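Take the given structure of chain A and dock chain B to it, following the hints.
Line by line, the protein sequences are chains A and B.
Residue 881 in our numbering sits at position 316 of the first sequence; the count goes up by one each step and never skips.
Residue 842 in our numbering sits at position 277 of the second sequence; the count goes up by one each step and never skips.
Hints may be right or wrong, so weigh each one.
Identical copies go unnamed one by one, so any copy, or any two together, can satisfy a pair.
[Claimed, not checked] Below, a list of computed lysine-lysine pairs in the DSS-like style, where the Cα atoms sit at most 25 angstroms apart:
#, residue 1, residue 2
1, K622, K574
2, K739, K996
3, K779, K732
4, K884, K1012
5, K581, K668
Derived by calculation from the structure, the hints in this document are not laboratory data.
Remember, predicted model here, so these are calculated numbers, not experimental data.
There are 2 protein chains.
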Amino acid sequence: MLFKNKSVKALAESYKRIWSIGQALGLMGWDLEVYMPENGANARANAESQLELLIQKYMLEMKKDLRMAKKEKSPNVYEQGFIRSTIRDIDYFTKIPPILIEKFSKATAKGHISWRHAREKSDFSKFKPDLELIVKLAREKAERLGYKKHPYNALLDLYEEEFTVAKADKMFGKMVPRLKKLTEKIYREEKVLRSHPLEKIAYKTEPMRQVNEKILKLFDMPNGRFRMDVSTHPFTMGINVNDVRITTRYEGTDFKRSVFSTIHEMGHAIYELNYDSRLEGTPLSDGASVGVHESQSRFWENIIGRSNAFAGLVTPLLKKELPFTRRYNKNDIYQYFNCVKPSLIRVDADEVTYNFHVYLRYEIEKKLINGDLEVSELPGYWNDMMEKLVGIRPKNDALGVLQDVHWSGGSFGYFPTYVVGNVIAGMTLQKMEKNMGSAALWGKVQKGQFNPIKTWLKDNIQKWGAVYTPNDLQMKVFGNSYNPDPFLSYLERKYLD
Amino acid sequence: MLFKNKSVKALAESYKRIWSIGQALGLMGWDLEVYMPENGANARANAESQLELLIQKYMLEMKKDLRMAKKEKSPNVYEQGFIRSTIRDIDYFTKIPPILIEKFSKATAKGHISWRHAREKSDFSKFKPDLELIVKLAREKAERLGYKKHPYNALLDLYEEEFTVAKADKMFGKMVPRLKKLTEKIYREEKVLRSHPLEKIAYKTEPMRQVNEKILKLFDMPNGRFRMDVSTHPFTMGINVNDVRITTRYEGTDFKRSVFSTIHEMGHAIYELNYDSRLEGTPLSDGASVGVHESQSRFWENIIGRSNAFAGLVTPLLKKELPFTRRYNKNDIYQYFNCVKPSLIRVDADEVTYNFHVYLRYEIEKKLINGDLEVSELPGYWNDMMEKLVGIRPKNDALGVLQDVHWSGGSFGYFPTYVVGNVIAGMTLQKMEKNMGSAALWGKVQKGQFNPIKTWLKDNIQKWGAVYTPNDLQMKVFGNSYNPDPFLSYLERKYLD
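Next up, chain A with everything else stripped away, as it sits in the complex (with noise of 0.2 angstroms):
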């Protein structure tokens, strides 16, 4: 038992309601992706409101139980955790009014129709209005929430606990410049492909599904407690710690798209596998942030699942289920997966550009939330970045500021993350290269052994959970935090040397 301290022990008591609730609505929330008929979205609606109205409910009545446990003298790191776990939940609980959740969840639903509508006809004065609700919205939610220094602050904390806008800024400003020379070099060079063949050549699904599974096997995924399926936009769901379920998307053309949602989900379910089991049926049982979440994502899909080291291993599997690869080697398939090139979308972006995508929307939140951005502005505002920084210019809004569903949803504080989980990605790399030795580390990724790998992100990261913030897991993992020099210099020798 994790939990010595009585006190403790009675908030996990009561936790197991919100606990059982959360497993539902996971639950749902898959399966509303993969299989629900549609027709029954709407009673499956209500039905989630309801049940999000319960843990609310339970959340506020475990004030009393968070009072008695505060007093607790001597907190061991698991106890501390939960504590700090339940202030933020119950702070958040009593800081935002139903009034205002049904305001926002009215706003975004409303919004969501209207920017898919303005999307398709690539019209944002049809997405505009709602936006401008939203923004208002989420200005409310900063204000009620309360900062230091910043609004933008409130949010980003809802995502990646204590980040701040001084610490993106700090990590953004050291990263652009950086990222700027290396794009300049990597073109002026012309080493890096910035297209290859392979990205027109259709494919069936079948035997991709194939190369999927295979892949998984590669990387020993436990079947018992694992499943994979499909939607079109893919994503990992934790029911429980025995139960993790990814799904990935057959587009038909561009087969590494299937294969990188793969590996990126791959990577969020094996975090979610590796939590201490000791922590389920308490909210330790997740992800330490965002952040940290996409950093271990970003591990296995960029660091591990774009190296030479993996394309060797991948090639012959590929070659077996897919004919059409078979006139590339290895080498071919490892440029494939690896070409660089400027590009107006962020989810078709490469490991290096795709940084940019993530700052120039960054920049944008903080503004539209500080007002030192209208909502009228941002088409203008988004071009003129986009052209400064990727070096080219939307010719229309579908292709510029109309492109993520993330503003719809009124999720300000969210896009940083994506670039969090580079750079700890990055750390992770580091650090881990310095405890295994690089030459042995890639040795054992050559031999398609990962068991060392996935030890060490368990032990170091993955085990840990929820319990220790974001920015305390970095410091006991790499005595610093949020530092993007790994990640740059990864980069900077993988596209350079």
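Positioned in the frame of chain A, the structure of chain B alone reads:
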């Protein structure tokens, strides 16, 4: 709005939470059988039992609302149904203490394991002690629930409201002698086949899945509200009125088993899809009883699916998808669908002898709960009665008393609903033929025009959900209840003419 009175509206408002948790539990139950990674079972079971406790808690919290609603002077039929159903549920949770529920669920969890083991080894003694405890607890349950005349009545009522030993004795009393005569005549005349070569032919899953999908299309099942998956033991789960799911099975030989599993579950699904949508969110969006539900599945499976007209409809489809059927004509297919022979296993039994299997279990349950039969006497009693009714004697207990899962789960009172289903399906056919004209009805089936039949079922039975007791519903539709004559006449006509 179906509810006019303020107090019943309040009841409905309180019920929303229960409905939402019920929807979640429905999905969890479905997922468990169909997609859940097996290691997730433990955490899943914990979450489910927490959610069930919440339902019990909220149900009991409705006592005050119920008290007010009961005072209403002129409730409409929907309000009457809601009040009746709420009384029933609260009564159950009031009379059955949590400690008994816990004992019961521990005993059945243990019993399920020992039953499986006993069946594998064909050794009743391995199951006997657990079954003795389960029977003891079932008797205690009956005592606590209360009953008039016979303790088994308390258990029958759980599945078939107001159904009693007296009614069941009367029903079976009419059925058994006439069915005995019928089978003797069938065997004597030798016009009906006992077995068919197609029973031995192996099939592949994918074309068989195509057959089932096409059969569902024949019946015009609505894709946006319905789906089909695979499970070992087929079942239907109505998540909500616009999200109903069935499963079917692919055992690899004797393809009619897959066909009739599909049509049987489809029959359940049609019922679930046809509840008046205004009942959604209340306990009335449910079947009138387990027996009435079973009548809907058996109507489609046996009366429609095993008819001559349907054989004509399905034969071309079979020939297209399953090449090994091409040497048979629609008459052969009809005969293959309708073999009659003595068999030891209930789930393999035909439409005629099936009823003996259920009657045997009914007699045993009645005597077990009453104390007229002890668990130790079960195997012998079973074998004697099997010989008397069906004419063959099980060589071992796996083929006899150990074949069904029900008793290990403590579901005493459930079995009779299978025959109630047959009986009400027969009454339904008779009434429908009277209303629509027999020739017209079967002419429509021949042409694949199922809408008039669906509409009849919806208007007379299905749209009412659980508004009426099963007895009242039958009185309203047929003018009498649990009358086996139409079913018996249907069988005699089908197998002797």
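Point to revise | 25 angstroms Cα threshold - placement of K668 relative to K581 | key: between (29 angstroms within a copy, 21 angstroms between copies)
**Study point:** Homomeric proximity label, K779 with K732: Cα distance no greater than 25 angstroms
**Key:** neither (40 angstroms within a copy, 59 angstroms between copies)
Review point. From the Cα coordinates, with 25 angstroms as the cut-off, is the pair K739 and K996 best called within, between, both, or neither?
Key: Cα proximity of K739 and K996: one copy only (20 angstroms, versus 81 angstroms across).
Review point. Which holds for K884 with K1012 at a C-alpha limit of 25 angstroms: within a copy, between copies, both or neither?
Key: Within one copy only: 18 angstroms inside a chain, 50 angstroms across chains, cut-off 25 angstroms.
Check your understanding: Is it within, between, both or neither when you check K622 against K574 at 25 angstroms Cα-Cα?
Key -> Both ways: K622 and K574 sit 20 angstroms apart in one copy and 23 angstroms across, limit 25 angstroms.
Going down the numbered hints, you'll see the structure goes against just number 3.
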